[in-house]
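Top line first, the protein sequences correspond to chains F and B. Heads up: the first sequence runs through residues 1 to 104, numbered per our numbering. Heads up: the second sequence runs through residues 1 to 814, numbered per our numbering.
Any given hint might turn out to be false.
Some chain B residues close to chain F (C-beta under 10 angstroms, calculated; not the full set) [as the list claims (entries may be wrong)]:
1) 29
2) 75
3) 76
4) 564
5) 565
6) 770
7) 776
8) 777
9) 778
10) 779
11) 785
In case anyone wonders, no lab produced these hints; they're calculated from the structure. Source: prediction; values computed, not measured. Glycine is no exception: its CB is placed at the ideal position from the N, C-alpha and C atoms.
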Amino acid sequence: MFIVGLTHYLILAAVLFCCGVFVMMTKRNAIGILMGVELVLNSVNVNFVAFDRYRPGGGFDGQIAALFVIVLAAAEAAVAVAICMNVYKNLNTIDVDRGDALHG
Amino acid sequence: MSNYETYLTLGVAIQLASFFLLMLFGPRLGKPWAGWVAVAAMASACGLATITLVGWMGEIENGTAAALTAAAAHNQFHWADIGKMPVNIGVKLDSLTVIMYFMVTFIATWIFVFSVGYMAGHSDEVAGKSKFHRFFCYLSLFAFSMLGLVISSNLLFLFIFWELVGLCSYLLIGFYFDKKFASDAAMKAFITNRVGDFGFIFGLMMVFFFLGTLDLDGAARVFADQFHSQAGIFGREYDINLLGWHVSSVSGTTLATMMGIGLFCGAMGKSAQFPLQVWLPDAMAGPTPVSALIHAATMVAAGVYLVARVFRLLTPEAQMFIAAVGCITLTAMALIAIVQTDIKKCLAYSTLSQLGYMVFAMGCGAWIAALFHLMTHAFFKAMMFLGSGQVIEGCHHEQDMRKMGGLMRKMPVTGFTFLIGVLAISGFGIPKTDIGLGGFFSKDEILAVAWDRAYMWDEPIEDHGGHHADIASASAFQLVSFSPDQEHGDHGGGHDEGRDTHTESAGEHGDAHAAHGPVIEQPHGKAAIMAGVSALPRWMFWCALITAYVTPFYMMRCWWLTFMGKPRDQHVHDHAHESPMMWFPLVVLAVFTFVCSYAIFRPLIADAAVVASDAVMVVGLDGVAVPSNDPVARSEAAGAFIHLHEAHDFLAYAVGGSWLISFIVAFLIYRNGLEVGAKLKSAFGPIATLLERKYYFDEIYGFFLVMGCRAVAQVCRAFDTYFVDMLANLSAKITERFAAFSGRAVDAYVVDGVFNGIAATSMDVSDVFRSPQTGRIRNYVLFATGGAAIVILVLLFIDGSSGPGVVLGASGGG
């Protein structure tokens, strides 16, 4: 019988992570990039929970860390959206390639 | 510290305080309050001086004065060390200090009062700023310096104050510095005094080097010791080397004489003695109160005061030099005064002549007579100067006597007080009685001593009989029977007698004289030194005597031309007036000319003489030299009238009526104005011109000294232009060339290259680092991810068995 083990969770997390990174790399829309960030964060959450589950000795440390990440993501999303709105106010668009005033 | 020292020091400090007050707040005090501040300071010092004077006379009555003097000499404040020699500050407290202090403060007070009135009528603005406060500021500084000079117990401090009064004199002569002649006169006075002070400092150096102390008493003590033991300065011959070449050698005695003459040089400058007399007449460019205070009564007398203070350091030869200088001055300057037409200049030459009398008296050894004349002269000359100031002020700044005349009705008080001054300076008095003004007695004393020194020197003095016969014989020995060829150790019986007197009195008054120790150790210091003195050349006596006829003549001429006869200039005459603040001081000084001169000054100075100068030549004028420790003898000397009967008999006939005769001559010549005088002048053509040009001294100095200085300056200038400038230009050229080379080669290539290279490299490097900074989030994410991937791959390849393997292994285990 196919047993879902730690490896599978890790593979899932890796796939999610790669998707997130890929979105961040390819999207020009700021909101899209935010979504990519969410994917990355959630892939980490999966890792936390999975390691917690398969860790010898038990405990809830990984789950708590995941909760922290979720809270953090929410806060981060709020800040990020606010930044997006400011970017839009200034540039009339949320295309992040247009916001390259700090390039070298 | 006795009260007297405190009073005297306080009086000096008050002047300094007044000076600072006026310097800082003078402009705010303004006219006339700045003047009243100075007057108040001076008056308080005068009050202190009066208290001291009265108290001191009491001390002399009680016989405690000598002890106080000695106590003051011991009460010194250690100030500094020069090498191993300590320099002490202290108050020289003796009768001379007290009387001099009183004289200065009293005269200065009234002159300050006069000044307030005098300056009120003067335009004193320069560039829109009033100089009123500055005048009184300088006067206060002068008062401080002069009083400091009087109380100094140390030659170094005396010198410091000496220079300070010189500075004040400079500042005050040049008070109207916006006028060329005033600033010129100030410079002339200052530079001429520098010449004298050069000699003074030379003498000070010798005192320091040979005597090892600058304390007045200490130096005199060491000097006397060295003379007695023929050690120190008297010890050996000294070689004079110039640039390594032996020039000559001098005996110690000659060196001691040079020391005395060096010290006297200071007095020659300050008291304007021949040949440094040129500055004093020009100094009349200053305001008239300054002429009265500084250039008649006090500062110029400081020279005589200095000679009095260093009297014990003078050898017979030095005294002879001093007498000669004084004699030349008193004669030559009196003759110039005859032809002067400027009222102030006339008084200035009269001052010079009288200073000559004082210096001549010092040279003769007539210590008391010189200082007595100084005191009497200070009062009446200050008064006459103030009178001339009143005349000048009243006559619309007219100083030419030829334009005056007939001012008696317009200025009765001034004219009358001036007449008193004229009488006093002329020696008004009735011979063989006690009736007479101060000048009569003081000049008579000087002439008496001069006669004694000129005619009686080699003969033993007759016994005067009476109760002081033994004193006379003891002292006559000291004075007279020392003939030049006698060795000083080989004393006759007279000396023993003197010593006995001294020993007895020391026993009787042990307490008083224990403190007076030094004098006991060397009671005959100055007397022994003076043993080698030779008779005065007779021409000196005759010069002084004839000048006694000249003085009343020019003074009467001055007074008559100014106050009597018909007005010669209606404008001046109409303008003439008196103001109360100015004539009141005149009256006070006139009263003092009457009262004080013989009653107070003479005894006090006599007391100072016995205390301060080892009681030697000083009392010579009486023919009585007293041992300084003998109270009976001292009181004799203090109260003594003139005992030199023969001298005074002779002088009564010779000069007793000089004032009357000369007055009559002056009256006959100037009775009707200037015509007779002008005729006489043309009759005496060349001589009159010589006198009018002041013996061509200014021209001679102008030619030899000023032109000499200019010639030296020209040489220096040529040296500067051609040699120094050449060197400077050469070095400039070299520098320029070198700079051009370094600018073109080193700077352009080496220095610039280094800096440009650094800059270019920085640019290149930064370009490399700039290129990844695209500003695009995608790229940054790519870099971050790529970087992480590289790290992971590296970890994997570095250690394949651990790292990811563990994770995989663990997962495999799960």
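Hints versus structure:
With 10 angstroms as the threshold, the beta carbon of residue 29 of chain B stays out of range of chain F, its nearest partner Cβ sitting at about 73 angstroms, so the hint is violated. Restraint check, residue 75 of chain B versus chain F: the minimum CB separation of about 89 angstroms is more than 10 angstroms; hint violated. About 86 angstroms separates the beta-carbon of residue 76 of chain B from the nearest beta-carbon of chain F, more than 10 angstroms, and the hint is not met. At a threshold of 10 angstroms, the smallest CB-CB gap from residue 564 of chain B to chain F is about 110 angstroms, leaving the interface hint violated.
Because the smallest distance between the Cβ of residue 565 of chain B and any Cβ of chain F comes to about 110 angstroms, over 10 angstroms, the interface hint for this residue is violated. Nearest Cβ of chain F to the Cβ of residue 770 of chain B: about 4 angstroms, under the 10 angstroms cut. The hint holds. Evaluation of the residue 776 of chain B hint against chain F yields a held restraint, the C-beta minimum of about 6 angstroms falling below 10 angstroms. The beta carbon of residue 777 of chain B is positioned within 10 angstroms of a beta carbon in chain F (closest approach about 5 angstroms), and the interface hint is therefore held.
Evaluation of the residue 778 of chain B hint against chain F yields a held restraint, the C-beta minimum of about 5 angstroms falling below 10 angstroms. About 8 angstroms separates the beta-carbon of residue 779 of chain B from the nearest beta-carbon of chain F, less than 10 angstroms, and the hint is met. Nearest Cβ of chain F to the Cβ of residue 785 of chain B: about 5 angstroms, under the 10 angstroms cut. The hint holds.
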